[in-house]
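K.L.:
Here is what each chain is made of, one letter per residue.
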Amino acid sequence: MAEVKLAVRTGLGREQPLAEEWPGFSMREITGLSVWWLSVARKDRDGLDKACTRHLGTALPPERRFVETDKGMRVLWAGDRQWFVIGDGAHIPAAIARLAAVTDQSDGWVAMHVSGERTRAVMERLCLVDLDPATFPTGTVARTPIEGMHALIASDDAEAAACTILFQRSSARSFVDHFRHAADSACGRD
Amino acid sequence: MSGGQPNRLAEGGLVQRDREIAFHFDGRRYHGHAGDTLASALIANGVRLVGRSFKYHRPRGVFTAGSEEPNALVELGRGAGRDPNSRATVTELHDGLVASSQNRFPSLGFDVLAFNDLLAPFLAAGFYYKTFMWPAAFWEKLYEPVIRRAAGLGALSGKADPDAYEKATAHCDVLIIGAGPAGLQAALTAARGGARVILADEDFVPGGRLNGERMEIARTPAHEWAAKAATELASMKNVRLLTRTTVFGAYDGGTYAGLERVADHLPAVPPHQPRQRLWRFVARRAILCAGATERPVAFADNDRPGVMLASAVRTYVNRFAALPGRSTIVFTCNDDGWRTAGDLIAAGGAVEAILDTRGAEDIAHLRDIAGDAPVFTRARPIGTAGHKGLSAVTFLNANDRPVTLSADCLAISGGWNPNVHLTCHRRGRPVWNDRIAAFVPGSDAPPGMVVAGAAAGAFSTHGALAQGTERALEVLGDLGSKQPASGIPDAEDAPYAIQPVWHITQSKGRAWLDLQNDVTVKDVEVSHAEGFRSVEHMKRYTTLGMATDQGKTASVPAIAVMANLTGRSIAETGTTIFRPPYTPVAIAAFAGGLRGRAFRPIRLTPAHDWSKEQGAVFTEAGLWLRPQWYPRRGEKSWRESVDREVRQTRRSVGVNDVSTLGKIDVKGADAAAFLDRLYTNTMSTLTVGKVRYGLMLREDGFVLDDGTVARLGDSHYLVTTTTANAGLVMQHVDYCHQVHWPELDVHMVSVSDQYAQFAIAGPNARKVLRKLVDARFDIANEAFPYMACGEITVCGGVAARLFRISFSGELAYEVAVPARHGDAMIRAIMEAGREFDIVPYGLEALNVMRIEKGHPVGSELNGQTTAGDLGLARMISAKKDCIGKVMAGRPALTDADRMTLAGFKPVAEGEELTAGAHFVGIGREAKTAHDEGYMTSVCFSPSLGHFIGLGFIRRGHQRHGDKVRAVDAVRGRDIEVEICSPHFVDPQGERLRG
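So the sequences go chain by chain: A and B. First residue of the first sequence? That's 11 in the numbering used here, and the numbers climb one at a time after it. First residue of the second sequence? That's 94 in the numbering used here, and the numbers climb one at a time after it.
Same shape as in the complex, but just chain B:
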């Protein structure tokens, strides 16, 4: 044994003994070697107790050597990025690794919640559902918090994950999942045939079981053969070899998801690298070579630290040179368990006994393996002893007499389960195979996927190599690739002999099936007795097969127990449905780099930099960043800035960046007819050089969006939309053309990004604009009246579009220039307006001015309002049809009692209105039954000197002068308001025509 690591074998293994690594577990410093997992290093250091069980807080030790581990779950790291529920068996050891046990208080060695174990008779499956029902109010405040504290796994830090994650897509001809013997051989064959190959394996060393076994391939140690194969593959240009990468899901169209642990094995994440990378593999074909998972056998107290799967013991001995126990008993029902005894003996370990459930005649060919170790046939363990670690095993011998032997390790082999999970992710169902007593992939694997090796039930090394070759050749044939000369290297081809045993029924006490969820045979019996006999019901009733391991070692034995109880066969009982992910994946990995400011694209107007220079405060409008207001020195609140912007615009002139409005170019011989069908009002009568306000309905008759339509030519229109609805309207327009009227000669394309557009508003707007528009264009009121439009040039020949439209209610123009000139144009406008004290105004001032004018925006076009509600019923032309017209005529949508748009002002001077308030009659109780409507938009009107609002109230247009209460239960406000016209400023529209 190695000095500092008491259970490290003096020689052997694949760890790098010249690279010692220091790490901490539960605050104590240990050493391991490069090539260790945390689990193997703990075993080498003689640490047996690594965790506490979920419900009963039973002491638990390392049970497996792979991703199926149910027990050895630890918290890795500290602080915000700590990673709970990490499986020590797949955690690669690195310098400075800090791990802590979880689900214990105050310490792993002394866990007061182990008291739960004494209450086990009362805590069987289903007790939650029956025990904590009364009083109902106690569940949320008392029962659930207490249960959650007493039972569970690790916990996240509750802080933002400090690590970076990344997503990527890789395409290939053949995706090979698993780099064991079948996977390596399949990859070699496919790659030599010229296919583009991706070989992904969750381990950090390719080879799979070959690294944990003492066997040869082509007369070289199997792990050396694996390393050589991996080296060849890594050198091939058509191969991408991804270690530390778990393919965890199979999806439509040959798409698979994989998680690459890029930096989890490093002390720190390298610069610019993610901690983990989520791969989307797009494969023409996939070969699943995911291997198999050994399963345990249920008997009393089979959960103590020191009880392990036999193959895991072999892996720790052969790959990691770590001895799980000083004295080991091997318990098996198949030939494979005997390998563990042989390998232990070869490594110098002590094998106290081999217990085989089979008769002497079944194991005669294995006797030599045992050497001097006693062999007990027809032996059945019925109990174990030891508190924080195994100390003895009691079993019935062939004569049914109990025998107790001391041992600190019990290696169990109940047989192997092919890892069929990915074949089931598209609803495939595995089928039972009596010969190997296991479920194997059915014929309904995802299209394009074939299975090879142990995952297909070929448990010999030769069988795996042969199937890897055959499946790869088949795939090459399907792809039309060349068939390379292929040979299958020599390897062991022992038949797989098993007499399955699931539960030692003679054992008394709790026989554990699911170590992670503390589910016993008795729990399955209770589930059966309660009528939860379908495996899906059993899973939900007992929680068997849930949590991080998803029952990889537990499910099949539990299915067998349930099958026995119901009298059905295992095949008839079937499995639960396997769904992605195969192993746990951090939510952050799914997000990849799309977090924080990168969560979604940010759209900026061409004048953004200028607005930023002015100190604008920005707000999000859809994906756009829009200036909300432009504060000036000395202004103490946003209201001061906004009030100033409104006053100055109404008094002289202001400019607003309206580049964000949706702009759709509509062209074609049938453009006019097309727009007539889209809009409620008629657009075909619009003359060239004119703009018209338009309203679009959804198919159901409610308002979709409003905007303007400008006719720039005989068959050329420009449609504008609200900023937020630009994408929606474009989609709607495209849909209508492609689906409803493909025969129309009409073409539409978004030009929202093509133009920078500015609204210049206020009494001096024309004077400012006159300084910018080239002299040959007359923009006087007579030549370019309200609702005119045209192609012009500005600033000495720059092509531009000019629209005489107004959202503010003032004399206003919108001038659009190619986006490249946007920055220069806003600077030119400001310079031209300097003598008029022009102000830039933001979204808030725009909002104030449109409320003062009674113009609806998103708050009013909220998907629940009709043209009639908005006071625009007359815009639905009686002379033509349009989308939504028929449905808009439904009685419920034309009911005279509907809520319609109105203005609101506080009765008491100085009262503040709030959006979202509901209208209730004066003297009536504020409850839903008395609800008459709601406030949609409010602002302080600098023009009027008090708050004003827009909202919908029953028969609003008939009730001007009435008083109601605006009740805002959220903000605790209840004030009296007067219903009025929504047109607060210049109701006749004289200014905008001036």
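Chain A with its partners taken away, still in its complex shape:
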């Protein structure tokens, strides 16, 4: 048998990333993103913080926040002593992996960028999080169910109502279906 090359499908099972628009709202699947899950024991929390500062250029973000690194990566709080490190081709330096449990989740999570003046109107039909800029400013993260599915929402630009949303791959199509319905209702569609 000739050597087989395994083709790649996006998180939504597509050959090309999804991109859809409504008046005042758009959603765009982000592909090529590496997603690493970090978890650290209480005793190693400070050490990990130092290692991140040294090797990623930023300290770990506090609860419900994310930070950008100077290497184009983003570190997002994901729970008690847990973080996601995401980025285009991001990798975790060995010094960090020695202190924390590191698991590749790049194929387990789908990332989608949503934006537009109607984003909040769409999101209020889907989840319980208050995305008002005053309560969910840029740099904020929330883990929340969206129509019964796990999701992580990060506020990229609160004033522009732009967010990155991570959700699980297996239920991604249901997830997008709910977004379409919510966007249809909130924005209208021809």
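For the record, the hints were derived by calculation from the structure and aren't laboratory data. Owing to the predicted nature of the structure, the values given are computational and were not obtained by experimental measurement. C-beta: ideal position from N, C-alpha, C; glycine also. Incorrect hints may have been included.
One-sided and incomplete, this derived list gives chain B residues near chain A with beta-carbon spacing under 7 Å [said to hold, decoys possible]:
| no. | residue |
| --- | --- |
| 1 | GLU259 |
| 2 | HIS365 |
| 3 | PRO677 |
| 4 | ILE695 |
| 5 | ASP702 |
| 6 | THR775 |
| 7 | SER777 |
| 8 | ASP838 |
| 9 | VAL842 |
| 10 | PRO911 |
| 11 | HIS914 |
| 12 | ASP916 |
| 13 | MET918 |
Fit chain B to the supplied structure of chain A, relying on the hints for placement.
P.N.:
Frame of chain A, contents of chain B only:
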């Protein structure tokens, strides 16, 4: 009067006279105007009879002008989406509206069930409980169906609701409930202070009572002031003004529920819009400005069409320019009723008389309002006349002499009840206020809620405006917001003068308290006589306060009647507990968009599209869709497909998508110790590169789940679970770490979605896999034996994991690749297996093969079985402790007489086994006392050519060769079966090690 609408006033009102709207009621076409409700349009058209009462089928007319309406319940629309029990008083008129009366046969005008009214002496409260007791069997088949047919409200279509519904969440600093004077003023104040405000009102026009009254605010007509306030609010970015939205419930944590009627007022639901939207409001503070509801007074025959609340008459005249009657009598015990007389006179209506229960000295200041209308002081109505509509009212004058006057409308004002309901939804209790003779909110309203305006007992417009301002300023202070300059606009500030009257005791005949449930004063007296004296007992005994209006006009008068009977005060008697919803909410609104396929998320494997291309038949496994079998052309039944898949897998090779299995990455210095505590068997002794079967118990000693544990590194394990239990096991593992052993350095995360995983099984499995695994990895039997695992690469460098495990009993491997490659991987496997006639096999074939091997799954791990029952008692290590170990040792769980796992095969060739059958000894009667066990899984075994089954039977492992009967009472089957080993195929496991 307007030509086509005989009772439409020639001028005035807030309806849009230039927009005529056609609608139908009981098949007849009428016209109204934009801005009408169905009730106001019917009144304008002179329609007085709109419904029949619940029990006695008495003629009933519009009684109120709001959501408290007990009488004017209609069915809206036709077909599947018809909406019964809709209140005509809050139904916004729209083109093409079709409404029908309900609870009548054959017509509203001639209802044969009105015969019930003649039986009224026998149908008092409680008669159901006493009359239909014997014979007991008759209740379900005769009595209840007949009673249900004779008494009731409207009925649903019985078909799926064709409309869409939606749920949404909105956050705010201040939720203001009600857009009357208090609500508007509170909203203006809070919004000007910079707070995020949501103002919700059930009406389609903000203003509340201001739209129904003839008064001024800031020297402009009150309704204009309301419109201007609403316009200002709508223009503010920090305000969300929601009309047609009823806040119907108050819950924990500042959460409130509201129902927005998005499209009920439109001829058709606009594209992509829901009919209704259920709001979850999350508010830091709430100001309840829900207003008040006028109450009636009980006297004989006070239920005829034409008898209305006085404030409702004002609303119809002032807001809708619709005259409820040609000649009206006003009956009141307070000053407010006089407004109705004044407004009727101003509108050109005829006021036949004003009856006031108070003395002349109490009403001297009101005399001018009456104009030429006769005024009767210390007057008490004792009866009415008219069949399908009021024609006369008889009352006692100050000298106790009966006087009868003709009238087709009687406007009653018994005083006002603040709408306290939402203050009570978290068990708050209202308190009685003697000054206004009404219950007002107690001090135990939901945290964060304050009350303003009529809802707090401030009945003057000035009082409402002032309280709206004050409460909003208080709230702003609490929130740390700026305090805006606030002024209170000029408005009437008349004191509220009332001498409450609940029941005219001199009247003979049925005096109605609850019009919706046909409950009279006599029913309350019967309830009292029978000992049901608590208001909660009274409610259940009489049904007072139930159904769509929840007694909004009935409860307080009934409480007063009961208080009088018991000799207690009204305050001592108290109210029933008010619970959500404040007004009826369709179940569909609670479901929102979560119906049909959207009811719950659907999880798809990375190879789903490929399976779909192959024509796979899918089944739900938890939230997953899994291929059940892959039919081929010419196959006439699922069995043919499944048999083929099994035979071909056992003969050559098959592939199964096992991506759905739960996969948990467990890492950390204490990972091994942690797993030892979770599993019955020891995992710390597992060497890197090996897999071990594992069993988890619940705390109570029963089996929780089984699966495998693969050691991928010194401190790195991969735990697999069954598909259905993946979430449960993850939760259990997390709980054990967080609660039992937080000191352990262990980290776990689900990687179920990260990998696409395929089981390649069959004698040629290795040959297929060899074509995919990169050459540098040796997967020969010696290098990669049964129960080996490792990190490899496939197809030229794609990172993968390989496990030599087998659920089918064949030589098998499970290969996992990152999910992005899942679709390509299954195609590559099929291509690699082409020369071996590889087949994809589905869940059914997998099930057949695991039954042939005696492997338990969910049917056997059913929460009632122990490790011993499954024949796995030896897996509970004696050398260590684990979750559930102690409890698993309980005598009842180790009893030698317990049912244990066994195999079963039919004695007679060709007999079909059924899961769920119970085992009974041969010759014994099939009854519970003789039950020896049950069949959990069955299949036709293509390998053996007959049916086989797994099940639990007493001392099953000791009874191989015994014969019993498998009795399936549900399917009517009773066949003889032989107990055997559960390992039907390759019991020594030679194939999987090959």
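K.L.:
Does each hint fit the structure? Answer for all of them.
P.N.:
Results for each hint:
no., hint, in the structure
1, GLU259, "6 Å, holds"
2, HIS365, "4 Å, holds"
3, PRO677, "23 Å, violated"
4, ILE695, "5 Å, holds"
5, ASP702, "6 Å, holds"
6, THR775, "22 Å, violated"
7, SER777, "18 Å, violated"
8, ASP838, "4 Å, holds"
9, VAL842, "5 Å, holds"
10, PRO911, "4 Å, holds"
11, HIS914, "4 Å, holds"
12, ASP916, "5 Å, holds"
13, MET918, "6 Å, holds"
Checked against the numbered hints listed earlier, the structure breaks hints 3, 6 and 7; every other hint is satisfied.
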